[in-house]
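Participant: Taking the hints into account, I'd like the entire structure generated from these sequences.
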Amino acid sequence: MFLYVKYMVSLRCKMVVQQELEKIGLHCIKVDLGTIEIKENISDSRKQELGKNLKRYGLELLDNNRNILIEKIKAVIIEMIHYSKDQPKVNYSDYISKKLGYDYTYLANTFSEVKGITIQQYIIHHKIERVKELLLYEDLNLTEISYQLHYSSVAHLSNQFKKITGLAPSYFKSLKNKKLKNLEDL
1 MFLYVKYMVS LRCKMVVQQE LEKIGLHCIK VDLGTIEIKE NISDSRKQEL GKNLKRYGLE
61 LLDNNRNILI EKIKAVIIEM IHYSKDQPKV NYSDYISKKL GYDYTYLANT FSEVKGITIQ
121 QYIIHHKIER VKELLLYEDL NLTEISYQLH YSSVAHLSNQ FKKITGLAPS YFKSLKNKKL
181 KNLEDL
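Per the UniProt record's numbering, numbering through the sequence shown is continuous, rising by one, with the last residue being 186.
Be a bit skeptical, because a hint or two may be false.
Unchecked claim - Calculated lysine-lysine pairs in the BS3-like style (CA-CA distance at most 25 Å, straight line): (1) Lys98 / Lys85; (2) Lys99 / Lys39; (3) Lys55 / Lys23; (4) Lys30 / Lys52.
None of these hints come from the bench; they were simulated from the model.
Facilitator: Here's what the structure looks like:
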């Protein structure tokens, strides 16, 4: 049986979920990004208890099919952009559709209705967050970042970055360098 939990994968989250399952006598087979697989069928009362226990840690047990689908879409996008070494070479729509086994139009319409933004807008925001991470923590230039995240050009990346953050990527990176210099001067 599968349960769906709203959380980002981290070692701590996995451990908390596993501990809470054990407390109520459930055996965890697998904990993935937003998904728990357990051996047993779970009663409504045990599901409520698990949900209440997880809430103490800021985790949410999902049981609405639309919300579960939205979390799955978000998880695929986050995994694809933040945790995958190689971005998919196919269209994001094809990748998400294939990964979740649903028609992309259905996924896109459901996502927009529930979240109030399009899947494409959600992807762009996460790509820009990834660009920020790469600018701050990796020694990559904009050309390398543009290539890694499959932007059509550095200009496209720069325009999107400025539209979302209000800053040019080079200025954003210079802020890091200024902070480092200030720390060195202390």
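Participant: Take the hints in turn and mark each one as holding or not.
Facilitator: Going down the list of hints, with the structure as the test:
| no. | hint | verdict |
| --- | --- | --- |
| 1 | Lys98 / Lys85 | holds, 19 Å |
| 2 | Lys99 / Lys39 | holds, 24 Å |
| 3 | Lys55 / Lys23 | holds, 15 Å |
| 4 | Lys30 / Lys52 | holds, 21 Å |
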